[in-house]
Structure formats: C-alpha cells, structure tokens
Amino acid sequence: MHGLRLAFNYLRIGVLNEFQYRANFYIQILQTFIALGTGLIGLNLVFSQTTQLGGWSKPELLAVMGVFITMGGVIRSAIQPNMERLMEEIREGKLDFALTKPADAQLLVSVREFRFWQLVDVITGIVVMGVALSELHWVIGAWSVLGFFTAIAMGAVMIYCFWLIITTTAFWFVRVHEIANLFEGLYAAGRWPIDIYPNWLRIGLTFLVPVAFAVTVPAEALTGRLTFQTWFGALALTAVLFTLARTIWKIGLRSYSGASA
Amino acid sequence: MSSVISISKLAKHYEVPEREAGLKAAAMGLIKRRYKTVKAVDGISFEIQPGEVVGFLGPNGAGKTTTLKMLSGLLHPTSGSSSVLGFEPAKRSHDFLRQITLVMGNRNQLSWDLPALDSFDLQRAIYSIPVDEFKRTRDEFIELLELKELIQKPIRNLSLGERMKMEIVGALLHKPKILFLDEPTLGLDVTMQKRIRTFVAEYNKRYGATVLLTSHYMADVEALCKRVVVIHHGKLLFDGDLSTLVEKFSAFKTVGFTINTAAVDWTQYGEVVSTDGGRMVLRVPKEKTSAITTRLLNDLAVEDLTVETAPIEDVIESVFAVKEETME
Amino acid sequence: MKRYFDYYRATMKLSVLEQLQYPVANYFYMIGMIAEPVIYMVVWSAVARQQGGMVGGYTPGAFAAYYIVWTLVRNMNIVFTPYGWEWRIREGQLSMSLLRPIHPLHADVAYFAGWKVVVILLWLPLAFILSLIFKPELNPTLLQGVVFFFAIWMAYLIRTMILSLLGMVTFWTTRVSALFELYFAAELILSGRLVPLSLMPEWVQKLAWFFPFRWAFGFPIEALVGNLSTSDLLTGLGMQLAWILFGVISVSVIWKVAIRRFSAVGG
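Just so you know, the sequences run in chain order A, B and C.
Residue numbers are given in the working numbering: position 149 of the first sequence equals residue 149, and the series is strictly consecutive.
Residues are numbered in the working numbering as their position in the second sequence, beginning at 1, plus a constant of 261.
Residues are numbered in the working numbering as their position in the third sequence, beginning at 1, plus a constant of 589.
Rather than coming from a laboratory, the hints here were simulated on the basis of the structure.
Don't take every hint at face value.
[As the list claims (entries may be wrong)] The following label-pair restraints were derived from C-beta to C-beta distances:
#, chain 1, residue 1, chain 2, residue 2, range
1, C, I667, B, E276, 34 to 40 Å
2, C, K724, B, V392, 48 to 54 Å
3, B, K297, C, H695, 38 to 44 Å
4, C, W761, B, S269, 28 to 34 Å
[As the list claims (entries may be wrong)] Chain B is faced by these chain C residues, among others (derived, beta-carbon under 7 Å):
#, residue
5, R592
6, D595
7, Y596
8, A599
9, L603
10, E607
11, S684
12, M685
13, L687
14, L688
15, R689
16, P690
17, I691
18, S852
19, A853
[Stated by the list, open to error] With a straight-line Cα cutoff of 30 Å, these simulated DSS-like cross-link-like pairs (lysine-lysine) come out:
#, chain 1, residue 1, chain 2, residue 2
20, B, K438, C, K845
21, B, K455, B, K438
22, B, K414, C, K602
23, B, K352, C, K591
24, C, K845, B, K352
25, B, K436, C, K602
The structure displayed is predicted, hence computed values, not measured ones.
Every residue, glycine too, gets a C-beta built ideally from N, C-alpha and C.
Using the sequences plus the hints, can you model the full thing?
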C-alpha cells in the first residue's frame with residue numbers, strides 16, 4: 001500500500017536523522033531518568049501515608065505509571081511532533097504540498113516526523129510495567145494481555161484524533177499553539193487512575209481529553225480489572241473520534257484551499 | 262581640537278576551531294582541536310574630531326561592525342587601544358553609555374505591541390532625561406521626520422521604513438554626542454533612505470554630534486560623509502576625503518542593456534564586463550557615460566538600458582589592488 | 590536612587606501595557622499550569638480521606654488551600670528562564686541592553702514585576718472559581734496576609750537571582766539543558782511544590798533548609814495557609830531577605846566575570 005510505504009520511508013529518514021544527534025540520546029535518558037525519579041518519589045510519598053488509593057494498591061499504581069510513561073513516549077515520538085509541525089505550517093500557509101502530493105494528505109501530515117529518542121520512554125515504561133507485574137506475581141490472563149495491547153492501540157489512536165481535531169482548528173483560530181501547553185498539563189492527570197478524581201473531572205478527562213482511555217484503561221487490563229463494557233466503550237469512542245477527526249480535517253483542508261467551507 | 266574618537270592599532274582576533282570534512286578529521290578532532298586565528302580587525306588606527314560625519318566603508322565581513330562594537334564597549338579588543346570622549350569603551354561606564362548610541366539595522370529596541378510614544382517614555386527613564394528637555398527633543402524629532410500621525414500606532418502596524426524612523430528617534434532621544442550607525446538604511450526603499458539621511462545630517466548640524474556610519478550603500482556615504490575610512494579584511498585601506506576616493510576609484514560606470522545582435526565591435530563603446538544571453542554589460546569611463554549611451558541608443562536597437570555606478574565591492578577591490586601597487 | 594524608581598515605574602508601566610494586550614495567551618498559560626496542582630490536590634485529598642480525614646496535619650480542605658495559593662505563588666515564581674538567556678545571547682538582544690547606562694538585570698526584574706501585576710489581576714477570578722470547586726479551608730490573620738504579600742514578592746526576587754545565575758552558565762557553554770533539568774527536579778522536591786514540606790521525610794525537610802527553594806515557594810504558601818507562629822513568620826521573612834542578599838551578591842560577582850567573557854567572545 002502506497003501510504004504505508006511512504007510512512008515507512010519517513011520513519012527511516014527520521015531515524016537516520018536522529019542518529020546524527022547522539023547528544024539528544026543522552027539528554028533524553030537524563031530527562032526520562034529524572035521524570036521516573038520524581039514519579040517514584042511522588043508514589044512513595046503517597047504510599048508512606050496509606051496502603052491503597054482509590055482501590056489501587058502500590059504495585060497497581062506502579063503499573064499505571066508504566067503505562068503513563070510508555071504512552072507519553074508514543075505521544076512525544078510519533079504524535080506530537082507531527083501535530084506541532086502541522087500547526088506551524090497551517091499558520092504560515094505552507095500546506096500546499098498536502099494538496100498536490102498523490103497521497104492522502106492526512107496520512108502525510110501525520111507520519112512525517114518521528115522523534116526516535118523518545119522511544120527511551122516507551123522502553124522505560126515497559127520496564128516499569130514489568131516490575132509492577134512481577135510484584136503482582138504476574139497474575140494476568142490471556143484476555144487481559146489482549147485487552148492491554150488493544151487498549152494501548154486504541155488509546156494512542158484516540159489521543160492522535162484529539163490532537164488532530166485541535167490542530168485542525170488552527171485553520172480557523174490562530175492561537176492553537178498554547179493548546180500544546182494545555183495538553184501537557186492535562187495529560188499529567190493520567191499519572192493516576194481516574195478513579196481518584198471527582199466525578200466531573202473524571203468525565204472531562206474521559207471525553208474531553210481521552211486521557212483516561214489512553215492510560216487508565218490499559219492499566220486496568222494489566223491489573224485484571226478491565227471489563228468488557230469499558231473495552232467496548234473504548235472501541236466505540238475510538239471509532240467516533242476517528243470519524244470526527246477525519247471529517248473536521250477534510251473541512252479544514254477545503255477551507256484552507258479556498259473552497260467554500 | 263582634541264579628537265573625540267581615537268583608536269590606535271586596534272585589533273580583534275578570534276580563535277575558531279578548524280574543522281575539515283571526512284571521518285578521519287572528525288576523529289582527530291575529538292582528540293586534538295586545531296584552531297585558526299580569524300583576524301576580524303587587524304590593527305587599525307584613526308582619529309575623529311568632534312562633529313565629523315565619517316563613513317566607514319567595506320564589503321561584508323570587512324570588520325566594520327566589529328570595530329563599532331569595540332568602540333561602543335560591547336567587545337573587548339584583543340590588542341590596541343581606543344578612546345571615545347576620553348573614556349575607555351570597554352569599561353562601559355554609565356557616563357560613557359549615556360553619551361553614545363549604537364543603531365543596528367535589524368535590532369529592535371521599541372516595544373512591538375505598543376505605540377512608539379510609550380517606548381520613548383521608557384527611553385527617557387533609562388537615560389534619566391529631564392522631562393521638559395525630553396519632551397522638547399522628542400517633539401522636535403517627530404516633526405523632523407514627520408511622524409505625528411504614526412506615534413500613536415503600535416509598532417507592529419508600521420511599515421519597515423516607519424519602524425526604522427521610530428527606532429532612530431528612540432536611539433537619539435538622549436541627545437548622544439556620538440552616533441554609531443551600523444547599516445541604518447539596510448532594506449529600506451529609496452525615499453526612506455533619503456529621509457533618514459537628511460535626519461542624521463540635521464541632527465549632526467543642530468547638535469554637533471560625531472557620527473560614525475557604516476554602510477555598503479555608496480549613496481549613504483555620498484549624502485552624509487565628507488570623510489571616509491575604507492576597511493577590508495580587517496585592515497585600513499583608505500582614510501581621507503570622499504571626493505578623492507570617488508575620483509580615484511569609481512572612475513567608471515557600468516552600462517547594461519539587452520540586445521539581439523551579437524556581431525558588434527564593443528571596444529568602440531567600452532570594456533565588456535559580461536555577456537549573458539542577450540544582456541550586455543559594459544564598463545565605460547565616467548565622463549564619457551552620456552556620450553556613449555547616446556551613441557548606443559542611436560546606433561543599435563538596445564533595450565532596458567541601465568547606468569550604474571560601480572558597486573562598492575568593485576571600488577574596494579580596486580582600492581585594494583591599487584594599495585598593493587603603492588605598497589602601503 | 591530616584592532614577593531607579595523612575596526606571597522601574599516606566600518599565601513596569603510598559604510591561605503592564607504590553608501584557609494587557611495578551612489576556613488570552615496569559616490565561617491559556619495559567620490554565621495549563623493549574624493542572625499540576627489540581628492533580629496533586631486531588632491525589633492528596635484522596636489519601637487524606639482514605640486515612641480518616643487527615644494526613645500529615647492536612648485535611649482535604651487544607652490541601653485545597655495549599656494548592657490554590659500554590660497557583661499564585663507559582664505565577665510569582667515565573668521569571669526569565671535559563672533557556673531564555675541562551676536565546677537572548679544568541680539573538681543579540683543582550684548586546685542591546687549592554688549599551689544602556691543601567692544594569693541589564695534591572696530590565697528583567699522590572700519587566701517581570703510589571704507582568705506580575707497583570708498576572709495577579711488575572712489570577713483572582715481563577716482563584717475564585719477554584720475555591721468554589723474545591724472549597725479550601727482558609728482563615729488567615731491580618732499578620733499572615735501582610736507577611737504573605739511581602740513573601741511572594743521576595744520569592745519572586747529569590748527565584749530571579751537563582752535563575753539568573755543558572756542563565757549565566759550559558760555564557761560558558763550552550764549544552765546546559767541537562768543541568769537545568771536536574772536543577773528543576775531538585776527544586777520540585779525541595780521547595781514544597783510537589784507536596785507541603787511537612788509531608789516529606791525528616792531528612793528531606795532538613796536538607797531543604799540548605800537550599801533557597803522553599804523560601805521561593807513553600808514558605809509563602811505556608812505563611813498564608815499554615816499556622817506558623819509569629820516568630821516563624823518573621824524568621825521566614827528574614828531568611829528570604831538573607832537569600833536575596835546572597836543572590837544579589839552572587840549574581841553581581843558572576844555577572845562581571847560573565848560579561849568579561851562575553852565581551853571577549855562577542856555576540
């Protein structure tokens with residue numbers, strides 16, 4: 001499929017590029033190390049005062065942290081760079097190529113950038129999850145494993161759609177750049193399972209910014225508390241968001257090229 | 262009268278790491294770094310009297326901006342000495358800073374979002390200008406540059422030329438005795454360039470300020486400076502009257518035109534500089550320019566005829582070439 | 590002396606006027622920043638409820654108070670970043686400020702001070718909304734209020750000094766992001782930003798005394814929200830003053846050295 005081959009090519013170039021900047025690797029390691037350190041300090045502080053939080057035990061919360069870190073790595077390596085570049089190109093009117101290349105524009109703008117070194121976060125998160133699971137004595141069934149992988153994939157897709165929708169509004173609103181800051185802040189809420197948040201916040205996190213689905217749902221799978229309803233809800237929401245994102249993208253692209261919006 | 266700017270064998274050298282291409286060189290570079298000395302300014306000396314307007318000419322990278330930065334205290338010279346108004350610029354005493362100004366073409370001092378008037382008030386506070394004097398000076402400049410309509414508009418809403426005018430006003434509100442102007446007309450259209458030149462000339466006349474102006478536009482220099490200092494590769498090449506420089510070194514003009522015929526003996530008109538498709542460029546002696554262009558127009562079917570003074574680079578090159586001959 | 594007042598007044602006026610042009614951008618930034626303390630607040634309130642209503646001497650209401658005041662103190666803390674110093678040197682803005690007969694750091698302090706005024710104004714409605722949602726327990730005495738007012742401005746100065754010192758490192762090397770990240774992590778733990786310091790293990794609390802961080806963050810919050818004795822409050826102000834003095838001296842010294850290097854290398 002042409003699109004996939006294109007994506008793979010971009011990936012290859014991106015990776016080769018990043019290898020040139022080996023310093024970025026060390027900086028990334030340091031940043032991950034620091035983030036992990038402060039996260040663990042926070043977790044330990046909480047558990048110096050209590051034995052469980054919102055029904056989650058310490059190793060279970062460690063698993064949440066692992067998912068949080070991994071998902072963060074996925075976002076910062078594959079999703080965010082593309083969206084930020086798109087934002088800038090929309091603002092500067094440099095999107096013409098998207099209309100002239102013989103490939104789907106949405107695919108193109110979504111795969112061009114790849115920050116290879118952010119994968120350090122993905123690996124770190126997996127290690128943390130491993131540690132958490134070992135403390136839970138690997139009590140995890142086949143269905144949970146399947147649920148975990150599908151939940152991660154759906155979560156990533158949902159975050160991507162969310163980012164795309166916000167970025168596409170750059171076609172109409174100028175100040176979309178601050179959204180990136182906002183997202184960073186809101187995503188940080190994913191460090192903890194949404195069960196601990198008050199109701200109104202929980203709803204906001206689930207629907208407005210699919211943080212819950214990105215982090216809590218896969219974590220629920222890992223710790224054996226994922227229900228079929230939740231999983232199915234995630235699937236439905238993914239489908240809805242994807243359709244919505246694509247529609248808004250198409251509308252935005254049309255208005256950009258001067259067609260009646 | 263004692264000079265107000267005086268530099269003696271002023272030099273600025275930079276150590277720049279040398280980097281060659283290739284894997285081996287890169288590997289060697291990790292072990293032992295090789296450095297090359299770049300002589301941005303290589304021992305120049307001159308004296309400037311109060312009230313002079315001196316043009317500081319040279320192509321890009323000649324060392325003009327570096328010299329200005331040393332004279333305003335931003336850079337410490339590697340060797341040599343300089344004295345401005347009796348101060349050593351590198352010491353950057355507040356009394357010294359209060360009497361100079363450095364205007365660089367693309368460096369903005371005024372607040373982008375606010376009207377110039379607001380930024381001017383800040384300048385007043387920075388330089389501790391007494392309020393009445395400040396208002397008088399400000400209004401005088403506004404009138405000179407015809408800025409009355411524009412001072413209430415945010416800077417971002419002004420054109421490049423209007424912005425530059427505001428920047429210059431802002432830079433002069435404290436009535437500095439020394440003006441260092443680094444390419445002040447860079448990127449501006451011809452009308453705006455003229456306006457700014459007139460303003461600088463007027464400021465010099467009214468306040469007896471000393472102006473050191475760098476440019477690679479001959480027109481700036483021709484309009485304002487009686488004396489020019491030419492600098493190239495960090496060395497002083499010429500220090501004297503502009504008229505002498507012009508006479509000696511821009512003795513030629515270049516005439517360009519488009520023509521279809523190829524077989525013409527051009528030597529009867531002038532020296533061929535270039536032929537590019539249908540575009541010819543000839544060099545002709547300055548005094549013969551109108552005669553030759555008339556002949557060209559009469560004899561041949563030429564189109565898009567242009568007459569230009571030799572660009573400053575050519576003038577400098579010829580200055581440099583002549584200098585070598587006269588062994589200085 | 591008078592001319593410094595004049596300069597500060599003029600610069601602050603300019604920055605207030607400038608920042609008032611960007612209420613939306615400022616709000617976006619503030620809202621993004623609020624996520625952090627809200628998350629801390631929610632987590633710790635949950636822990637408190639779990640443990641029967643209180644943990645480390647803080648009830649959920651007390652946590653709410655702590656973290657809402659946190660947002661104001663955090664805003665007061667924001668100063669010119671070391672990354673900004675890097676940019677400033679690279680773009681030649683530093684040269685421009687070196688031409689003025691006034692120490693460039695005054696420009697930073699004055700400009701941000703004006704900005705803070707706008708920030709405080711914009712913060713008030715936000716604080717009101719947060720209070721409606723999270724119901725903080727807050728009953729400060731007059732003394733606490735007064736101390737708080739001075740404390741937040743001194744916190745601003747302390748942090749200005751610290752980050753100026755960090756920023757000046759960029760005169761010597763540009764590869765400094767690692768240093769900055771380490772610094773921010775240390776500050777997070779030792780300042781009272783992550784959690785009230787009283788919830789930290791003893792040894793951390795003792796360690797925090799050696800650093801200026803808590804005086805730029807935790808102390809102002811505790812002054813208003815906690816129940817510090819009068820002597821504690823005054824000692825705190827004294828400590829802040831001491832750190833500011835220390836900061837000013839360090840910055841002056843390092844600045845002289847830094848500028849000498851800058852003038853040798855150019856920019």
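Here is what the structure says about each hint:
1. Between I667 of chain C and E276 of chain B the beta carbon distance is about 38 Å. The supplied range of 34 to 40 Å therefore holds.
2. Look at K724 of chain C against V392 of chain B: about 52 Å separates their beta carbons, and that is inside 48 to 54 Å.
3. Range check, K297 of chain B to H695 of chain C: about 39 Å between beta-carbon atoms, so the 38 to 44 Å window is met.
4. For W761 of chain C and S269 of chain B, the hinted distance range of 28 to 34 Å is satisfied, since their beta carbons lie about 31 Å from each other.
5. Proximity of R592 of chain C to chain B holds as hinted, the smallest CB-CB distance being about 5 Å (cut-off 7 Å).
6. Here the hint on D595 of chain C is kept, as its CB sits about 5 Å from the closest CB of chain B, short of 7 Å.
7. At about 5 Å, the closest approach between the beta carbon of Y596 of chain C and any beta carbon in chain B falls short of 7 Å, and the interface hint on this residue holds.
8. The closest approach between the C-beta of A599 of chain C and any C-beta of chain B is roughly 4 Å, which is under the 7 Å cut-off, so the hint is satisfied.
9. The interface hint given for L603 of chain C holds, since its Cβ lies 5 Å from the closest Cβ of chain B, which is under the 7 Å cut-off.
10. The interface hint given for E607 of chain C is met, as the beta carbon of that residue sits about 5 Å from the closest beta carbon of chain B, less than 7 Å.
11. Among the interface hints, the one on S684 of chain C holds; its C-beta lies about 5 Å from the nearest C-beta in chain B, closer than the 7 Å criterion.
12. Proximity of M685 of chain C to chain B holds as hinted, the smallest CB-CB distance being about 6 Å (cut-off 7 Å).
13. Given the 7 Å rule on beta carbons, the hint for L687 of chain C holds: about 6 Å separates it from the nearest Cβ of chain B.
14. Because the closest C-beta pair between L688 of chain C and chain B is about 5 Å apart, less than 7 Å, the hint holds.
15. Hint status for R689 of chain C relative to chain B: holds, with the closest Cβ pair at about 5 Å, below 7 Å.
16. Because the smallest distance between the Cβ of P690 of chain C and any Cβ of chain B comes to about 4 Å, under 7 Å, the interface hint for this residue holds.
17. Here the hint on I691 of chain C is kept, as its CB sits about 6 Å from the closest CB of chain B, short of 7 Å.
18. A hinted interface residue such as S852 of chain C counts as satisfied when its beta carbon comes closer than 7 Å to some beta carbon of chain B; here the least separation is about 4 Å, so the hint holds.
19. With 7 Å as the threshold, the beta carbon of A853 of chain C comes within range of chain B, its nearest partner Cβ sitting at about 5 Å, so the hint holds.
20. With a C-alpha separation of about 27 Å, the suggested pair K438 of chain B and K845 of chain C falls inside the 30 Å cut-off, and the hint holds.
21. For the suggested pair K455 of chain B and K438 of chain B, the alpha carbons sit about 22 Å apart, so the restraint of at most 30 Å is met.
22. Annotation: proposed proximity of K414 of chain B to K602 of chain C holds, straight-line Cα distance about 17 Å (limit 30 Å).
23. Note on K352 of chain B and K591 of chain C: the hinted pairing holds, with a Cα-Cα distance of about 24 Å set against a maximum of 30 Å.
24. Pair hint K845 of chain C plus K352 of chain B holds up; C-alpha atoms about 11 Å apart against a cutoff of 30 Å.
25. This hinted pair checks out: K436 of chain B and K602 of chain C have alpha carbons roughly 24 Å apart, not beyond 30 Å.
Going through the hint list in order, the structure satisfies each hint without exception.
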